[in-house]
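Quick note on numbering: the UniProt record's numbering labels position 76 of the sequence shown as 76, and the sequence is numbered without any gaps.
These aren't lab readings, by the way, just hints derived from the structure by calculation.
Incorrect hints may appear among the rest.
Stated by the list, open to error - Quick list of simulated restraints, FRET-style, between CB atoms: (1) S180 / G123: 21 to 29 Å; (2) L257 / D56: 15 to 23 Å; (3) A15 / T322: 40 to 48 Å; (4) D136 / R243: 31 to 39 Å; (5) D241 / D136: 39 to 47 Å; (6) T278 / P121: 41 to 49 Å; (7) E319 / P272: 18 to 26 Å; (8) E108 / V188: 42 to 50 Å.
These figures come from a predicted structure and were not determined experimentally.
Think of the CB as a built atom: it goes at the ideal place given N, C-alpha and C, for glycine as much as any other residue.
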Amino acid sequence: MFSIFLLALTAPVQAVSVSISPQQIEEGDTITIAISGLTNGSVFALRMESAIELDDGTSEFTYQANQVTVPFALNNPRVNLLASPVIEAGLEASDGGVIRRIIQEAHEDEVSLFQRLDSMPAGTMNRMKAFGIVVDNATYVDMTLELSGTKEGPDSGSITFGLEGISDGSARIIVLVDGSQVMNQEVVIGTPTITPTPRPTAPPTSSSSGGQSGQPAVDGVIVSSLDNKVRLTTLETSIADARVEDIRIIQSEPMNLPSGWKALSDLYIITPADVTFTPHAELSFQSNNEGEVPFIATYANNEWRMVPSRFVGSYLVTEIGTSGQYALLTYHVADQPQIETPESTQAAATPSGTVPVDSTQVPPTQESAGGLLALIGAGIVGISILCVTRRQ
Numbered sequence: 001m002f003s004i005f006l007l008a009l010t011a012p013v014q015a016v017s018v019s020i021s022p023q024q025i026e027e028g029d030t031i032t033i034a035i036s037g038l039t040n041g042s043v044f045a046l047r048m049e050s051a052i053e054l055d056d057g058t059s060e061f062t063y064q065a066n067q068v069t070v071p072f073a074l075n076n077p078r079v080n081l082l083a084s085p086v087i088e089a090g091l092e093a094s095d096g097g098v099i100r101r102i103i104q105e106a107h108e109d110e111v112s113l114f115q116r117l118d119s120m121p122a123g124t125m126n127r128m129k130a131f132g133i134v135v136d137n138a139t140y141v142d143m144t145l146e147l148s149g150t151k152e153g154p155d156s157g158s159i160t161f162g163l164e165g166i167s168d169g170s171a172r173i174i175v176l177v178d179g180s181q182v183m184n185q186e187v188v189i190g191t192p193t194i195t196p197t198p199r200p201t202a203p204p205t206s207s208s209s210g211g212q213s214g215q216p217a218v219d220g221v222i223v224s225s226l227d228n229k230v231r232l233t234t235l236e237t238s239i240a241d242a243r244v245e246d247i248r249i250i251q252s253e254p255m256n257l258p259s260g261w262k263a264l265s266d267l268y269i270i271t272p273a274d275v276t277f278t279p280h281a282e283l284s285f286q287s288n289n290e291g292e293v294p295f296i297a298t299y300a301n302n303e304w305r306m307v308p309s310r311f312v313g314s315y316l317v318t319e320i321g322t323s324g325q326y327a328l329l330t331y332h333v334a335d336q337p338q339i340e341t342p343e344s345t346q347a348a349a350t351p352s353g354t355v356p357v358d359s360t361q362v363p364p365t366q367e368s369a370g371g372l373l374a375l376i377g378a379g380i381v382g383i384s385i386l387c388v389t390r391r392q
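Take the sequences, apply the hints, and build the full model.
Have a look at this one:
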């Protein structure tokens with residue numbers, strides 16, 4: 001599960017080419033991810049989704065990638081890990097005798113871990129693993145990993161790594177460049193006997209974490225970002241040109257902000273690109289709005305455009321009819337307009353006024369050794385494919 005994760009680098013979408021070989025492997029085989037046309041300054045994002053089947057009586061899980069080689073550097077990288085049902089989960093990297101580890105305790109049986117990393121240089125690291133402790137009587141671990149950063153170095157090259165501790169499984173890999181999806185592929189390990197399924201459906205009033213979506217009995221669909229700060233709410237009957245289970249919210253880095261604008265959140269990308277919502281879906285951002293005037297904006301064709309929004313309790317909400325890229329922004333202090341927030345926007349009920357959105361917070365980690373520096377970033381390439389596995 002760990003290995004394909006680093007695929008998400010950035011480059012001009014129309015020129016980027018990514019291939020993975022082989023598409024079916026056995027434990028111990030080497031995976032090669034070939035990338036070409038990935039120009040400097042591109043924002044690269046890689047997402048890996050898988051379900052790890054556990055043996056009876058298993059209380060811990062650990063999956064490892066060895067000799068992870070990356071041909072280019074990633075600047076301003078960050079990693080998101082989502083795992084459930086667990087007591088705790090984390091990432092560990094080893095290189096040159098130095099071990100870096102980040103671990104977090106679960107909240108309601110789920111770990112949602114976010115970490116900004118030091119710039120990740122090109123090169124090879126010795127070992128990378130994902131690990132954790134599962135809740136009692138768990139039969140599987142549902143895990144999602146995301147890595148994103150700004151690419152620097154050769155436009156073409158290969159990411160390689162060896163896998164250890166996997167017998168049978170599969171993993172779905174999604175690669176985005178500058179917010180556009182360039183790959184969505186499954187890699188098979190051994191001879192799987194199980195098929196990963198989306199996270200169990202949550203009631204319409206709560207989120208289905210990690211961008212996995214479901215089908216509640218009332219036909220409601222809620223999709224959340226990995227950091228649980230943004231959610232999309234719609235009806236299954238409103239969705240066209242995409243399957244419910246394919247809808248995701250993927251995080252990236254805001255780019256090309258207009259002068260005088262400041263980001264309060266990451267860039268959140270609604271995928272797949274062809275999905276439409278009729279009637280419109282609601283996209284909600286957590287917002288603190290402390291001393292700033294937040295608003296939601298969409299990014300397309302290298303331009304930002306503010307969109308109408310309203311406060312609903314602690315969320316800033318806008319309506320969307322298609323996929324797209326969105327962020328919570330504000331004005332620099334000197335440019336802050338004097339806008340009074342209607343009293344109704346402080347209530348839980350949906351107000352009728354139109355105002356912009358907010359949100360940006362980093363979930364704290366319980367333990368972090370040196371911020372994992374560049375080790376965790378480099379190792380994630382090897383973590384992704386290890387996620388779905390069955391030990392015989």
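Hints versus structure:
Restraint check, S180 to G123: a C-beta distance of roughly 28 Å satisfies the suggested window 21 to 29 Å. Between L257 and D56 the C-beta distance comes to about 52 Å, which lies outside the given range of 15 to 23 Å. Restraint check, A15 to T322: a C-beta distance of roughly 24 Å breaks the suggested window 40 to 48 Å. As the Cβ distance of D136 to R243 is approximately 33 Å, the hint placing it in 31 to 39 Å holds.
Against the hinted window of 39 to 47 Å, the Cβ-Cβ separation of D241 and D136 comes to about 42 Å, which satisfies the hint. A beta carbon spacing of about 47 Å between T278 and P121 agrees with the range 41 to 49 Å that was offered as a hint. Taken as a hint, the range 18 to 26 Å holds for the pair E319 and P272, whose Cβ atoms sit roughly 19 Å apart. As the Cβ distance of E108 to V188 is approximately 32 Å, the hint placing it in 42 to 50 Å is violated.
Hints 2, 3, 8, counting from the list given before, are not met by this structure.
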